[in-house]
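Put chains U, P, H, W and S on the given structure of chain D with help from the hints.
Number of protein chains: 6
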Amino acid sequence: MVDFLVITAHPDDETAVAGLLLKAKNEGYTTGLVCLTKGESGGFATKEERVKEFNDAGKALGLDFMRILDFPDAGIEVTEEGVQSLIPILRECEARTILTIHPDDYHPDHRAVSALVDRAVFVSGLKKYSTDGRTWHPSQVLFFSLDPKRNAKRPDIVLDISDVEKQWRQVIASYPSQAIEPMLETWARYHGMLGGFALAEGL
Amino acid sequence: MVDFLVITAHPDDETAVAGLLLKAKNEGYTTGLVCLTKGESGGFATKEERVKEFNDAGKALGLDFMRILDFPDAGIEVTEEGVQSLIPILRECEARTILTIHPDDYHPDHRAVSALVDRAVFVSGLKKYSTDGRTWHPSQVLFFSLDPKRNAKRPDIVLDISDVEKQWRQVIASYPSQAIEPMLETWARYHGMLGGFALAEGL
Amino acid sequence: MVDFLVITAHPDDETAVAGLLLKAKNEGYTTGLVCLTKGESGGFATKEERVKEFNDAGKALGLDFMRILDFPDAGIEVTEEGVQSLIPILRECEARTILTIHPDDYHPDHRAVSALVDRAVFVSGLKKYSTDGRTWHPSQVLFFSLDPKRNAKRPDIVLDISDVEKQWRQVIASYPSQAIEPMLETWARYHGMLGGFALAEGL
Amino acid sequence: MVDFLVITAHPDDETAVAGLLLKAKNEGYTTGLVCLTKGESGGFATKEERVKEFNDAGKALGLDFMRILDFPDAGIEVTEEGVQSLIPILRECEARTILTIHPDDYHPDHRAVSALVDRAVFVSGLKKYSTDGRTWHPSQVLFFSLDPKRNAKRPDIVLDISDVEKQWRQVIASYPSQAIEPMLETWARYHGMLGGFALAEGL
Amino acid sequence: MVDFLVITAHPDDETAVAGLLLKAKNEGYTTGLVCLTKGESGGFATKEERVKEFNDAGKALGLDFMRILDFPDAGIEVTEEGVQSLIPILRECEARTILTIHPDDYHPDHRAVSALVDRAVFVSGLKKYSTDGRTWHPSQVLFFSLDPKRNAKRPDIVLDISDVEKQWRQVIASYPSQAIEPMLETWARYHGMLGGFALAEGL
Amino acid sequence: MVDFLVITAHPDDETAVAGLLLKAKNEGYTTGLVCLTKGESGGFATKEERVKEFNDAGKALGLDFMRILDFPDAGIEVTEEGVQSLIPILRECEARTILTIHPDDYHPDHRAVSALVDRAVFVSGLKKYSTDGRTWHPSQVLFFSLDPKRNAKRPDIVLDISDVEKQWRQVIASYPSQAIEPMLETWARYHGMLGGFALAEGL
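Residue numbers (the working numbering), protein chains in the order written: chain D, -17 to 185; chain U, -17 to 185; chain P, -17 to 185; chain H, -17 to 185; chain W, -17 to 185; chain S, -17 to 185.
The shape of chain D in the complex, shown without the other chains (with noise of 0.2 angstroms):
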C-alpha cells in the first residue's frame, strides 16, 4: 500500500512536491511516483538522459514504488484506453492519497494527466473494474500546479518544507539537464511568504 501517490507528465514534474514525499518518507509513509511520459520532446536532453535522472530522482526521493510509462510527450490525449493503462497501476498500490497537477496548468499534458487520474480514480473503484471484488477509492485527490502563469489562484494548503532543504536540493540536483534549481527556489520561497516559512510547496 502507497500512502501517498504522485502522478506526473514527464521526468521532474515531481520535484514540485518533492518536500511533501520526502517528509512524508521521514514521518514513516510509503511514497510512489508514476510518470506518464519519458520526456522525449523536451529538447534539453534525450530520452535516455530523461530516464537516468528520473531514477536518480527518485532515489534521491526513498520512493517505495516507481513507474514510467510510454505516453507521448507533448501528445497526452485523454482517452478511455488512457484511463484503462492506469486503473491496474492504482489498484496494484492502493493509494490513499493521490498527488496530481492541477487541471488548470499550461502544459496541455499537465491538463491530459489531470484529466486522465480523474477519471480513472473514479472508475477504479467500481465493481465492473475489479479482479478480485474488491473496489478501491482513495480517500482523497490532491492537485499542486507546475507554474503559476495561468491558474490565477493560489494554492489552498501550503507546507512547510524549510526542514528538508538538504535532502530536496538533492532530488533536484538529479536533473541538471532541466535547470530546474532558479525557478523550484523562486516558487518555494513565494509559498515560504504564504505561511511565513523560509521555503514551502503549495497544493
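It is worth saying that the hints were derived from the structure and are not from the lab.
Check the hints yourself; a few may be wrong.
Which copy? The list can't say, so a pair holds if one copy fits it or any two copies do.
To be verified - Taking lysine-lysine and the BS3-like style, the derived pairs with C-alpha atoms no more than 30 angstroms apart in a straight line are:
id, residue 1, residue 2
1, K131, K29
2, K7, K41
3, K7, K148
4, K109, K148
5, K131, K148
6, K29, K109
7, K34, K109
8, K135, K29
9, K29, K7
10, K109, K131
11, K135, K34
12, K41, K29
Positioned in the frame of chain D, the structure of chains U, P, H, W and S alone reads:
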C-alpha cells in the same frame, strides 16, 4: 499635474511599486507619493527615523510630489473627516492614474487607506466639493498588494522592472531599518515568473 | 402591504428597475420606493428640481408608497442611527420583496444604502425592535447595479421589459435634468442580449 | 496558553464548532471561548437564561478559558474601542489558533465580530500595544459559518465529528431555549456528505 | 411538446429533481426524462433490475415522455456520434426547459452527459440538422448537482418541495436497490435551510 | 511576422475585434486572420457567399495575412490532427500576440477553436515540432467573447474604438447576410460604458 500618484499607509509601502514609479519617471511622466502615517507603531525604528527613510526613498525615486500625513499608525479609520482631508491633495495633484493598496490586503491600515482613497476619488469629482467650479476625476485607480497572504488572487497586470533594477535596489536601500529586501526580492522574482521576466511588479 | 419595495440613494436610481416596477404594477402587485437623499450634490439640477422629478417619476410608475429622506447626498454613512431610521419605514410597508443597490456598486452612497438596508432588514425582524410584539422579515432582498464599472459579474436574473417599453420611457422622461436615457437604453439593450429580448433589466 | 480560542457573537454560536473543541480537548489541547454579547435581543429567553445556558455549554465542552462580554446584541459595531477591548483578552490567552465567524455570514453581529477579531488579532501583534515588550500573533485565524444563506461557497475544511457525537449532543442540549438541534443536525449531516462522514463540521 | 425535459446518466439520477418534476406535473406542465445508460456498472443491482426501477420511478413521476438509452455505464464519452444520437430526441420533444447534470459534478459520466447535452442543444438549433426546415432551441438549460463534493458553489435556485413530500418519497422508494433515501433526505433538508423550507431541491 | 493574429471559427467572428485590428494597422503593426470554417451550417447564406463576405471584410481590415480553412462548421472537434494542422500556420506567421475566442463562449465551435489554439500555441514552441531547429512562442494569447450569455465575467480589458468608427462600420457592412450590426452596436456601446467611451471592444 501628477501622472502617477501613489497613496499608501506607511513609509516603505511604496517600495511595492518602486519599479513602476522609476520607469514612469524615466519615460518622462511626473510621479507623486502620499503616505498617510509616519509609521510610529512599527517597532523597528523611531518616527523620526522612518520619516527620514521616507524622504531618502523619495529622492531615490525622483518624485515630483511628496507628502507624509499624520493619520495614526495601526489605527487609520474610514471616516468622513479622513475622506475630506484627502480631497485638497487630490485636487492639487490632479493625478491621472492613482495607485493605492488593494482593499483585501492583510494590514487593517492598508484596507483603510484603500477605502479612504476609493471614497475621496469619487467625491472629489462632485461639484459640491469644488472650490473653483471644476470637477476632477482620475482616469483610473489601480491597486497593488503588499502581501500575498490574504488576497487569494494573483495580480492582473505584471510589469517588467528588470531594466530599472539598479535604481530599484537604491530605493529599497533607503529603508535599512525595515529589512525589506529579501521579501521584495522574492516578491519580484515571483512576479517575474508570472510574465517571463527576471524581476517584476504586480498590480 | 407593499409587494415590491425599492430602496435607493438618489432620485433617478430607481430607473434601473423601472421596468420591474411597471410590470409588477400591471400584474396587480403593490409597489413602493424609498430614496435616502434629495440629490443635492449632483450638479445638474437644484434640490427642488430633483425632488420634483422624483415625484413625477413616482406618478409615472404608479407607486403605492413613496418616500424621500434627508440623508446627505455624497455623504451617506453606515451608522446605527441610519439603520434605526429605516426600521419604522420597513415595518410600515411590510415589504415582501425588497430591491436595493448592489453592495459592489461604484458610488460610495450606493454601497452605503446597500449596507444600511442589509442591516435594517435584519434587525427589523428582531422582537427587540418591535412595538407590537410581531416580528417582520421580507421574503427576499434582491440587488441591482447602477453601473457596470466596478461589479465584475453579470446579473443573475434578466427580466424582459419590452412589453412596458412605452411606460418605461415615460418614467425616464421624468428626469430631463439628468440626461440618463442613452445610458439606460444601452444598459437595457445589453441586458436584452443576455436573455434574447429587445429590452431587459438585470438583477 | 489556549491552543484553540473561539470568538463569537451570541451564546450558542459556538455550537457550530462544538465538535472541533471536543476533539481538541480529547487530544490534550487547551480550548477557550469568548462571546461578545449576552444575547438579550433574541426573543426566546431572558438574558439571565442565556448566560446560564452559555455556562452549561462551557462545562459540557470542558473549556479551559471562558468569557462573556457586554457588547449590545443586534448592535455590535466595528469601532476602535471594540478592537481595543479584545486585545487584553487575546494577549492573556496567547491563542495559537483562533476560530471566529465568517465575514460573509448573514447576521450583522456575526460580520461585526469577524471584523473586530480580524483587526484585534493584527494590532495585538504590534509593540505599541504591548505592556511587557513582547509581541504576539496567533498562528492562524479560521472562520466558520453559522448559516449557509449568504455565504455562497462551501467550507474549505470538513472535520469528522462522528466520534464525539454523544458529547456534541450534550453541548447542544445545553441550549434548550434556542431549539437548535434540528438545524445543527442537518448542518452536520450535510457537512458529513462533503467528506464521507456521518457527522461533520465545516470551516 | 415537453415543458420540462430531464437528461441524466444513470437510473435514479433524476431523483435529484423529482420534486421539481412532480410540482410541474401538478401545475399542468408536461414532463419528460431521458437516461443515457442502464446503470450496468453500479454493483448493487443487475441491468434488468435497474431498468425496472427506472420504469417504476417514471410511473411515480407521472412522466409524459420517457427514454432509456444504451450508452456504456462508467464510460460515456463526449463524441460527435453521442451528440448526433441525442438530436432526434431533442427535436421530438421540443423541450422548453432542459434540466441536466452540472458540468462540475464528481462522476465522469455526469460531466459527459452535461457536455453532450450542451452541444446537442446547440446544434439541434441549426438548419443543417433539421429535417423539416424548422430550427429548434430550448428556452433555457438548467443544471443540477448530484453530489456536493466537487462543485464548490451552492445552488443558485432553491425550490420548496415540501408540498409534494409524499409523492417525492414514492419516487425515491422506486429505487430500493440503491439505498438513496438517507442521502436525498440530508440533501433536501440542507437545501431547505438555504431557503427556509422543510425540504427543497437546488439548481 | 504578424504582430496581431486573430484565430476564429466562422466568417464574421473577427468583427468582435475589428476595432483592435484597425487600430493596430493604423499604428503600423501587421495583422492577420485565420478562420477555421467556411460557415456552411449557418442558414443565412451559402458557403460561397460567406467566403466572399470574409474576403471583403479582410480587405476592409487591411490584413497582412488571411487564411480560411475547411474544418466542419458546427462540428469542430478538439483532436491531435486539428492541433497539428494549425502549427505550420502559427510558425509561418510567427505571431507576437494571438487573439482567439474565449474558452467559455456559448457556441461549441468557439470553445473548440479556443482549445485547439491553446494546444497548438504550446506545442509549436517545442523543438520536436520544429523543421529548422528554432522554437517559437507568442508573447501572449488574449481571448475575446462573441456573446455574453455564458461567460459570466465582464472583460478584463476595454479598448476605445471610437476613433476608428467609420472603418469599423465598413468591416461590419462586409457581412450583409448575417445582419450583425445591431448586436455589435449594442455590444460596443456596452463596452464603452465600462470604460467611459462611445464605442469599445472587450478582451
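Cross-check of the supplied hints:
{"no.": "1", "hint": "K131 to K29", "result": "within (27 angstroms within a copy, 40 angstroms between copies)"}
{"no.": "2", "hint": "K7 to K41", "result": "within (12 angstroms within a copy, 41 angstroms between copies)"}
{"no.": "3", "hint": "K7 to K148", "result": "within (15 angstroms within a copy, 36 angstroms between copies)"}
{"no.": "4", "hint": "K109 to K148", "result": "neither (44 angstroms within a copy, 34 angstroms between copies)"}
{"no.": "5", "hint": "K131 to K148", "result": "both (28 angstroms within a copy, 26 angstroms between copies)"}
{"no.": "6", "hint": "K29 to K109", "result": "between (38 angstroms within a copy, 14 angstroms between copies)"}
{"no.": "7", "hint": "K34 to K109", "result": "between (38 angstroms within a copy, 21 angstroms between copies)"}
{"no.": "8", "hint": "K135 to K29", "result": "neither (33 angstroms within a copy, 37 angstroms between copies)"}
{"no.": "9", "hint": "K29 to K7", "result": "within (28 angstroms within a copy, 45 angstroms between copies)"}
{"no.": "10", "hint": "K109 to K131", "result": "between (40 angstroms within a copy, 21 angstroms between copies)"}
{"no.": "11", "hint": "K135 to K34", "result": "neither (34 angstroms within a copy, 38 angstroms between copies)"}
{"no.": "12", "hint": "K41 to K29", "result": "within (19 angstroms within a copy, 48 angstroms between copies)"}
Hints 4, 8, 11 from the list above are not met by this structure, while the remaining hints are.
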